[in-house]
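Participant: As you go down the protein sequences, you meet chains U and B in turn.
Letter by letter, the first sequence follows residues 0 to 307 in numbering that gives the first Met the number 0.
Letter by letter, the second sequence follows residues 0 to 307 in numbering that gives the first Met the number 0.
Hint data in this document are derived by calculation from the structure and do not stem from the laboratory.
Hints are supplied without guarantee of correctness; some may be wrong.
Below 30 Å or equal to it, Euclidean Cα-Cα: the simulated DSBU-like pairs (lysine-lysine) are [unchecked claim]:
id	chain 1	residue 1	chain 2	residue 2
1	U	197	U	137
2	U	248	U	12
3	U	12	U	137
4	B	12	B	248
5	U	89	U	12
6	B	188	B	89
7	B	273	U	197
8	B	89	B	248
9	B	89	B	12
10	U	89	B	188
11	B	188	U	197
12	B	197	U	188
13	U	248	U	137
14	U	188	B	273
15	U	248	U	273
16	B	273	B	248
17	B	188	U	12
18	U	188	U	89
19	B	12	B	197
20	U	89	U	197
21	B	12	B	188
22	B	273	B	89
23	B	89	U	188
24	B	137	U	188
What follows is a list of derived Cβ distance ranges for each label pair [as the list claims (entries may be wrong)]:
id	chain 1	residue 1	chain 2	residue 2	range
25	B	188	U	307	23 to 29 Å
26	U	236	B	128	49 to 55 Å
27	U	103	B	306	43 to 49 Å
Small disclaimer: the values here were computed from a predicted structure and weren't measured.
Glycine included, C-beta positions come from ideal geometry on N, C-alpha and C.
2 protein chains.
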Amino acid sequence: MTPIRLALVGLGKIARDQHLPSIAADPRFELVAIVSRNAELDGVAHFTALADLLTSDVTVDAVALCTPPQPRHALAHLALAAGKHVMLEKPPGATLSEVEDLRQAAAERSLTLQTTWHSRYAIGVEPAREWLAERAIKAVRINWKEDVRVWHPGQDWIWDAGGLGVFDPAINALSIVTRILPRPFFLSKGVLHVPENKQSPIQAELDFRDAAGAPIRAELDFLQTGPQSWDIEVDTEDGQLKLTHGGAKLYIDGQLMREGPDQEYPGLYDAFAKLIADGASDVDVSPLRHVADAFLLSERVTAPAFVE
Amino acid sequence: MTPIRLALVGLGKIARDQHLPSIAADPRFELVAIVSRNAELDGVAHFTALADLLTSDVTVDAVALCTPPQPRHALAHLALAAGKHVMLEKPPGATLSEVEDLRQAAAERSLTLQTTWHSRYAIGVEPAREWLAERAIKAVRINWKEDVRVWHPGQDWIWDAGGLGVFDPAINALSIVTRILPRPFFLSKGVLHVPENKQSPIQAELDFRDAAGAPIRAELDFLQTGPQSWDIEVDTEDGQLKLTHGGAKLYIDGQLMREGPDQEYPGLYDAFAKLIADGASDVDVSPLRHVADAFLLSERVTAPAFVE
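Here chain U stands alone, though its shape is the one from the complex (with noise of 0.2 Å):
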């Protein structure tokens, strides 16, 4: 078979870190051109902007963006203008409308389109939903404290309009929460601290609903010393299920059920692979609109002035 032809877009540290591992062991894929304003791989074709490599003699099949979130709408509609399938990485974009909008161009087109969340790649996610699938759930506890002084060192966007604070690591948790429970869930009522100089949450505390009325409440912290909590707890009417380290250990009743190595970002391109074998696409913007609910209905208090 031969393999599809990928383009990296945005050589960061992410990029670096996951996609190219990621990409190199999946026989599916062939990278075959970087595009980044100042990094450049070895043995790969490299492009200072998408347009030149769209323009070029280098054939790509697919692009994968791994840029922040501003500029990926742009980068996107113009990848499926030209026809090549899109992975985006998270969050999906800067705001909904315009992952609506690349949702309907890459249908209107029958080209792949991919949101991805890693987090759900996380070994435990997919036995946590089985089980949670038949049983009724009664409440729902998400604990993601970490220190962004350890995790964030240096990356004063977070914490610019538009940067998420301490949604950034968040969201995540909430597309793991998306994913495994069996019903829908709705914010009733949040509160986000603001550090007076600052434009983004650094904690909050949210509660929400199921569709059946069970309690999910999330509290989310940026300054977090000591040990780091990435965990969510629910409570069913047939025990407790327990995910820790961000999805990497699943526990039943306290009793370790799974745990595994890393494997999300493998999951992401084995996904994305067989989404373009099926002509399909993957569009789910619910982790990024359970953020947005959060910000157009909570109440905001002034935290603390942060100073790195």
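With the hints as your guide, set chain B onto chain U.
Facilitator: For chain B alone, coordinates are given in the frame of chain U:
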């Protein structure tokens, strides 16, 4: 033809001023019940809760939800589960996620769900859409400037979290612009001015671009004294279109082309009757999605305290 037996849920100002006369004037509807905690209407069955109506011997085919947005999702879900068609006043929900849930619930049951955007039925809107459909857009200016003290006296909820502030009227502008412009558009930058003693913006400037790059600038103001503005100007390569008075007057190159009496709510009920007859739904969240995008992406600056 048997009329559609309709229940009105919520009997506040908008229900009395707009819904009741529109229903009375349309022979395709028969008002058979009012659901309201406090208010009643002579000669119409009255219930204090929707659940009581649905288990009573009064048969309804459809419900129009005129309550504030916060309880609307639970009410709509209840009505759909009981097999009733549903009309949602604007905005269709407190969050985008809950409207998506209703869309799916209606589709699963083959029931009609209508998100209503009354300003789209203003007399100038449909001819504006037709005129713009064939023309190249150069720039769009939205000026939505009104005096909150005149138009929203005592409406403290408008300033609360989720109350939308100046977006409560401006969502009408967005409902018109999303209807008349031939291409989708996306927020690229926004500034929200929030009074230091309130949660919701009192002024906003929003910069959008349409899919072909044309700039769309919206200036929203809740502190406008003197002349009020509910105006949309569209520069095309073939002249300028202007909608004023919230869409009630249409000008092309300064010449008045259309004006007429208020026909917005009769238009909504006409559309609702047709959707029910056709077994169709009209679920368009694009105006609310733009508002959520504005809250997600915009910079916030502190404005002076607002005291009514």
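Participant: So, for every hint listed, does it hold in this structure?
Facilitator: Hints, verified against the model:
| no. | hint | in the structure |
| --- | --- | --- |
| 1 | U:197 x U:137 | 37 Å, violated |
| 2 | U:248 x U:12 | 25 Å, holds |
| 3 | U:12 x U:137 | 39 Å, violated |
| 4 | B:12 x B:248 | 25 Å, holds |
| 5 | U:89 x U:12 | 14 Å, holds |
| 6 | B:188 x B:89 | 25 Å, holds |
| 7 | B:273 x U:197 | 50 Å, violated |
| 8 | B:89 x B:248 | 22 Å, holds |
| 9 | B:89 x B:12 | 14 Å, holds |
| 10 | U:89 x B:188 | 20 Å, holds |
| 11 | B:188 x U:197 | 17 Å, holds |
| 12 | B:197 x U:188 | 17 Å, holds |
| 13 | U:248 x U:137 | 21 Å, holds |
| 14 | U:188 x B:273 | 36 Å, violated |
| 15 | U:248 x U:273 | 26 Å, holds |
| 16 | B:273 x B:248 | 26 Å, holds |
| 17 | B:188 x U:12 | 26 Å, holds |
| 18 | U:188 x U:89 | 25 Å, holds |
| 19 | B:12 x B:197 | 24 Å, holds |
| 20 | U:89 x U:197 | 22 Å, holds |
| 21 | B:12 x B:188 | 35 Å, violated |
| 22 | B:273 x B:89 | 19 Å, holds |
| 23 | B:89 x U:188 | 20 Å, holds |
| 24 | B:137 x U:188 | 41 Å, violated |
| 25 | B:188 x U:307: 23 to 29 Å | 25 Å, holds |
| 26 | U:236 x B:128: 49 to 55 Å | 52 Å, holds |
| 27 | U:103 x B:306: 43 to 49 Å | 45 Å, holds |
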